[in-house]
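S.K.: Please take these sequences and the hints and turn them into a complete structure.
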Amino acid sequence: MLQYTGLSEVTGREVPTYSCVGDEDPIADCHTVQSRIDALRAGGVPAELEIFPGLAHGFGLGNGTVAEGWLDRAVAFWEAQLG
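Counting from 573, one number per residue, gives the positions in the sequence shown under this note's numbering.
Keep in mind that the hints were calculated from the coordinates and are not lab data.
A virtual CB, placed ideally from N, CA and C, is assigned to each residue, including glycine.
Hints may be right or wrong, so weigh each one.
[What the hints assert, rightly or not] Label pairs and their in silico Cβ distance ranges: (1) Val647 <-> Gly626: 21 to 27 angstroms; (2) Gly626 <-> Thr583: 31 to 37 angstroms; (3) Val617 <-> Thr637: 27 to 33 angstroms; (4) Ala652 <-> Gly615: 28 to 34 angstroms; (5) Gln606 <-> Ala648: 18 to 24 angstroms; (6) Asp601 <-> Gly632: 25 to 31 angstroms; (7) Val647 <-> Arg613: 28 to 34 angstroms; (8) Glu581 <-> Gly626: 27 to 33 angstroms; (9) Val582 <-> Ala646: 19 to 25 angstroms.
M.R.: Given below as structure tokens:
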């Protein structure tokens, strides 16, 4: 996703966005991702972000970590957007 780089701009054509990231991720800086989510929200795009303390990039399903259950929450977010 372009949100990792911070180079993408909000155009008004974005779709509802769920994102999750570990606060120790060396690839997708959580502050950059937070800025992107904030910009989406400011533009009226439904957006949700979960930041997981102590996790780096690639935590998978998060089983046995603070991220456990993120996939279910993501699906619930997407289902809510569908209506």
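S.K.: Each hint needs a verdict: does it hold in this structure or not?
M.R.: Status of each hint after checking the structure:
1. Val647 <-> Gly626: 21 to 27 angstroms: 24 angstroms, holds
2. Gly626 <-> Thr583: 31 to 37 angstroms: Since the Cβ atoms of Gly626 and Thr583 sit about 34 angstroms apart, the hinted range of 31 to 37 angstroms holds.
3. Val617 <-> Thr637: 27 to 33 angstroms: Between Val617 and Thr637, where Cβ atoms are some 28 angstroms apart, the hint holds.
4. Ala652 <-> Gly615: 28 to 34 angstroms: At 19 angstroms between Cβs, range violated.
5. Gln606 <-> Ala648: 18 to 24 angstroms: 21 angstroms Cβ-Cβ, so the 18 to 24 angstroms window holds.
6. Asp601 <-> Gly632: 25 to 31 angstroms: For Gly632 against Asp601, whose Cβ atoms are near 20 angstroms apart, the range 25 to 31 angstroms is violated.
7. Val647 <-> Arg613: 28 to 34 angstroms: Given range 28 to 34 angstroms: violated, Cβ gap about 20 angstroms.
8. Glu581 <-> Gly626: 27 to 33 angstroms: Given range 27 to 33 angstroms: holds, Cβ gap about 31 angstroms.
9. Val582 <-> Ala646: 19 to 25 angstroms: This hint holds: roughly 21 angstroms between Cβ atoms.
In this structure, the earlier hints numbered 4, 6, 7 are contradicted, and the remaining ones agree with it.
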